[in-house]
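Number of protein chains: 4
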Amino acid sequence: MTAPTILLTGFEPFAGDALNPSAAIALALDGTQMGAYRVQARILPCAFGAALHVLQQALDSTAPALVICLGQAGGRSEISVERVAINVDDARIPDNAGAQPVDEPVLASGPAAYFSSLPIKAVVAGLRDAGLPASVSQTAGTFVCNHVFYGLMHACAGRPGVQAGFIHVPWLPEQVVHRPGQPSMALALQVQAIQRALAICLEFRGVADLRQTQGRLD
Amino acid sequence: MTAPTILLTGFEPFAGDALNPSAAIALALDGTQMGAYRVQARILPCAFGAALHVLQQALDSTAPALVICLGQAGGRSEISVERVAINVDDARIPDNAGAQPVDEPVLASGPAAYFSSLPIKAVVAGLRDAGLPASVSQTAGTFVCNHVFYGLMHACAGRPGVQAGFIHVPWLPEQVVHRPGQPSMALALQVQAIQRALAICLEFRGVADLRQTQGRLD
Amino acid sequence: MTAPTILLTGFEPFAGDALNPSAAIALALDGTQMGAYRVQARILPCAFGAALHVLQQALDSTAPALVICLGQAGGRSEISVERVAINVDDARIPDNAGAQPVDEPVLASGPAAYFSSLPIKAVVAGLRDAGLPASVSQTAGTFVCNHVFYGLMHACAGRPGVQAGFIHVPWLPEQVVHRPGQPSMALALQVQAIQRALAICLEFRGVADLRQTQGRLD
Amino acid sequence: MTAPTILLTGFEPFAGDALNPSAAIALALDGTQMGAYRVQARILPCAFGAALHVLQQALDSTAPALVICLGQAGGRSEISVERVAINVDDARIPDNAGAQPVDEPVLASGPAAYFSSLPIKAVVAGLRDAGLPASVSQTAGTFVCNHVFYGLMHACAGRPGVQAGFIHVPWLPEQVVHRPGQPSMALALQVQAIQRALAICLEFRGVADLRQTQGRLD
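Protein chains in written order, with our numbering: chain L, 47 to 264; chain B, 47 to 264; chain X, 47 to 264; chain C, 47 to 264.
No lab work stands behind these hints, which were simulated from the structure alone.
For each residue, glycine too, the CB sits at the ideal point set by N, CA and C.
Hints are supplied without guarantee of correctness; some may be wrong.
To be verified - Covered stretches of chain X (chain B as the covering partner; in silico rule of three or more C-beta atoms under 8 Å from a C-beta of chain B):
no.: 1; stretch: 177 to 190
no.: 2; stretch: 220 to 226
no.: 3; stretch: 231 to 245
Okay, chain L solo, but in the shape it has when bound (with noise of 0.2 Å):
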């Protein structure tokens, strides 16, 4: 019999950058034990509908007890703990496929949102309690990063006791370089973060989460 999975996504580089952080998280994680549980990682191409295709599979294939998808969020300073998923495709610049979707639903026949299941305020208080910047974010944006979250809770939504989340990250150091004043995460920490995200996410399968207020004004 097999180890129980946590399922860890990123996604390939998108937008002419040569890395993203995402996928260097997920990479690190591959095959690392938590307590009973083993990390399978995925990595996603930045396209509308194949990267969907991909998750399915994995989803399929692993049938997960926790899955936390990660995506890049550059410009922003700390991890993102996403809370909701809308029903919306809305893309500013061209997936790596080149589509370009504006305001299409990702799921003609689906709810206007999903919640995260993951324990958003338990993982952003375990974080800063080890020292690591995180905030619950409202949005996850209306691209990929988004329809793979959306299309993500949907797939869960069947499965019941299946933990799923997404977790925005930012820029690595190395990415901003030439771009003078945006912020930037060391990937040691990134990685830190997100290992440390899914073991809260475990202490609290079946818990309910943290009831605290952690907020920013917008």
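Start from chain L and add chains B, X and C according to the hints.
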């Protein structure tokens, strides 16, 4: 027979401020005629529950064809046309009645989110054409603004033909003189922007919104 | 006998913009009378060297009692009263004549810096009292604005009794409609702010500046 | 005969923080050997006057060939290589000894400013090449950091051949966990960046700085 109504709401001041631009705009436009329509303004208390109670009374008594609720978004530099309201109250600070709900639903039995029924892309395009800074926003936060936006869309879900949505406006210049470095927008421009937004909404009654990408990266 | 003069300069547009608020303000106030003083406006080319040549001619022909040079600081949200000009030209982009000096002195034999002789704290305090966002700035950059500021102060070093300095102003609203998220300030407010700044300078002729801390952290 | 010395200073914590990255970096590099040179660290009090007294003693006792003073610049996301120190103390908050000078000169008889004698462009270029975010900064503020920078350059004006300057560093991650949205940089990266900056300075002893534009707009 009376003129059809545009309902325009603002909020009373909160968080220690003496002013709230959303109220100033609503009052500035109260009673103005826009084609066949007359603007009726209401000022909502900045309090969970009570704000929706006042809004519901206004909806019942004015039976509007178009409703825009306005709120202040300190720190934003543009007119923010909100896309989506989410079913959560998560207050970073107490409201004006002292309540501070954390991660509670606006409506226990409601859907996860409602989309604005305003032509949000047309409003942003029209404001920019007029030299007025504006963007679509993917989050109205989780304080009383989002609460009212959600409650508004829920109430209008049963009123076909009613256009409804939420617009966030920046601080006024006099509100930032002791918040060095923060952006603001002159009241005259804010009033002009909201008046134009109302006009654009009326032009797009029964017409599909523009399909154009306008976004920012985050 | 002619009225004593206030010289107020703005810059022509640069960096692809069709407008420059500094020129619009200078022209709006050209010819206005402030007590015994008359405002004379000049528009400077946005070019190293040439700008100082035009400024020098204006100083010689108007023999002003007060000189304020204005420039555009895209990305700032407030009226920025500059404290100090430094002896360096370091252009991130070419000027309007195609020159792009890197780390060259404005004046080979000049001192490292000149301080403004305007009552910078009184100006900021007075603007804030009038509800107009303003701050003291410690850097006028290293482009043509700082170049003109340095050249102005050098020229006035030999003119006792002449008040001189530099004020940066934000983008106009119409300049940011395609720069989503960037701050701006309405022209009417900018004109009002600069007119008030001139009046405050006149009030403080021969009087020590206010001593009050007003700063931001950075 | 002893090894020639690199003097590297940091500051004690201030403004209620328990940490100051500048001190952590200086201590981390204390005693390290860089080619023929040995790093000697000193921690300065965050107090006007006293900081310069300790610095002067360190200069006298170590007779360094290279001096870099480090300071914390909360809110900046990069290593900030300062270009210029200005002759003004203007404290937004009291220093650690309770003093809060407003618009007083650092040195009554001193010049308006001193430029860094470090190869600031080479340092920024070298850090960026190594994937470490860095920029030249035109202002070290008007608090104790600028005070020390000015005092350092004044002291070194009479020491030909001594390279001297100031570098601001970001908050550490653990300092921003309760400052949501603020940027930070991991200590390991900060240490690596400063060590590399020291090495670049040594490489450029007696050599002209790179001439390259690197700037930001503001």
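A quick look at each hint next to the structure:
| no. | hint | in the structure |
| --- | --- | --- |
| 1 | 177 to 190 | holds (count 5) |
| 2 | 220 to 226 | holds (count 5) |
| 3 | 231 to 245 | holds (count 4) |
In summary, the structure agrees with every hint in the numbered list given earlier.
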